[in-house]
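Residue numbers for the sequence shown follow UniProt numbering, so the first one is 1 and each next one is one higher.
Simulated from the structure, these hints should not be mistaken for laboratory data. The reader is advised that the hints may include incorrect statements.
To be verified - Derived DSSO-like pairs (lysine-lysine); straight-line CA-CA distance at most 27 Å:
(1) Lys276 / Lys240
(2) Lys28 / Lys217
(3) Lys245 / Lys276
(4) Lys4 / Lys217
(5) Lys276 / Lys247
(6) Lys4 / Lys28
(7) Lys245 / Lys217
(8) Lys178 / Lys28
Small disclaimer: the values here were computed from a predicted structure and weren't measured.
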Amino acid sequence: MRIKNSTVVITGADSGIGRATALRFAKKGARVVLASRDAAALETLAADCRRRGAKALAVQTDVADPEAVEELCESAVGNFGRIDIWVNNAGTGVFGPFLDTPLEDIQRVVDVDLMGVVHGAREALEQMRAQGEGVLINVASMAGIIPQPYTSAYSMSKAAVRALGVSLRSELRLARVKDIHVVTVSPGAVDTPFFDHVANYTGQDTRPIPPTYSPDKIAAAIVNVARSPQRELTVGLIPKAMVAKHKLFPQAVERRMATLTHRKHLKATQPAPPTKGNLDRAAGDDATGRRGRKTGGHGGRTKTMARRLLVIGGAAGVTAFAAFRWRQ
Numbered sequence: 001m002r003i004k005n006s007t008v009v010i011t012g013a014d015s016g017i018g019r020a021t022a023l024r025f026a027k028k029g030a031r032v033v034l035a036s037r038d039a040a041a042l043e044t045l046a047a048d049c050r051r052r053g054a055k056a057l058a059v060q061t062d063v064a065d066p067e068a069v070e071e072l073c074e075s076a077v078g079n080f081g082r083i084d085i086w087v088n089n090a091g092t093g094v095f096g097p098f099l100d101t102p103l104e105d106i107q108r109v110v111d112v113d114l115m116g117v118v119h120g121a122r123e124a125l126e127q128m129r130a131q132g133e134g135v136l137i138n139v140a141s142m143a144g145i146i147p148q149p150y151t152s153a154y155s156m157s158k159a160a161v162r163a164l165g166v167s168l169r170s171e172l173r174l175a176r177v178k179d180i181h182v183v184t185v186s187p188g189a190v191d192t193p194f195f196d197h198v199a200n201y202t203g204q205d206t207r208p209i210p211p212t213y214s215p216d217k218i219a220a221a222i223v224n225v226a227r228s229p230q231r232e233l234t235v236g237l238i239p240k241a242m243v244a245k246h247k248l249f250p251q252a253v254e255r256r257m258a259t260l261t262h263r264k265h266l267k268a269t270q271p272a273p274p275t276k277g278n279l280d281r282a283a284g285d286d287a288t289g290r291r292g293r294k295t296g297g298h299g300g301r302t303k304t305m306a307r308r309l310l311v312i313g314g315a316a317g318v319t320a321f322a323a324f325r326w327r328q
């Protein structure tokens with residue numbers, strides 16, 4: 001898909017991955033349609049995109065509302081005539097033991113992280129079928145591949161996003177549609193304001209599990225996969241190695257992930273009162289944040305050469321073991 005002069009819709013565009021993705025597409029000469037709940041943050045971003053020479057449209061949208069997403073699609077087509085790329089990026093989350101997490105919070109996460117993708121996919125694919133081409137990109141997560149404790153709503157929603165992608169690709173293939181592509185992108189931990197505003201019922205403060213990747217790294221991957229679509233994309237050396245290992249040793253990797261989540265995601269030394277975070281409201285003054293306050297200053301720079309070598313060595317070991325098992 002050619003990026004220059006293409007029309008790109010991005011949900012969850014006000015911060016983090018969405019913001020970085022919008023700026024990347026704008027720099028490439030795309031026409032960007034920016035969606036989130038925070039109108040002020042969107043207007044600021046739209047101005048940034050225009051300064052990069054792009055046409056930009058801000059549309060306040062709650063992706064959990066199907067009528068709002070329909071209006072988003074209509075605005076994009078009404079202003080630019082078509083939709084070439086749609087990025088379902090909007091997401092939220094809640095931390096807490098399953099039985100201690102309010103049911104309405106679980107429902108809200110599913111409404112945004114899963115049904116928001118469903119709403120976007122329906123609008124995007126209908127328009128793309130009329131055009132005969134397009135790329136739909138759904139942002140999932142490593143938590144959808146290797147689910148974590150204390151994030152049941154988020155993990156199951158992201159797993160469902162991956163399953164949706166498989167189903168949609170199958171339907172397009174059976175319908176002999178060759179020029180419409182559905183891509184699932186699964187990042188690891190990303191240095192965004194997500195953890196600054198997440199709902200939390202664990203009684204402890206939350207942090208991302210290092211290493212954290214920069215939003216721009218994920219954005220670059222999204223732009224590249226829009227240009228050259230593929231089925232699924234896991235971003236980052238360590239996430240890729242974990243996925244490979246999980247295929248061979250699922251129980252061991254899931255146990256390790258549970259331990260890492262308990263030890264690294266939660267800070268027992270920093271008690272935290274129950275909070276609904278930004279489930280029912282926009283993040284406000286921090287919505288335009290490029291990165292998070294809770295990443296310990298990593299800023300996505302934790303991928304040192306030592307880690308790279310460790311991951312490469314681990315991946316090589318996994319590959320060698322897989323080859324050995326295949327020969328048996």
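Violations among the numbered hints: When the structure is compared with the hints, numbers 1, 3, 5 turn out to be violated.
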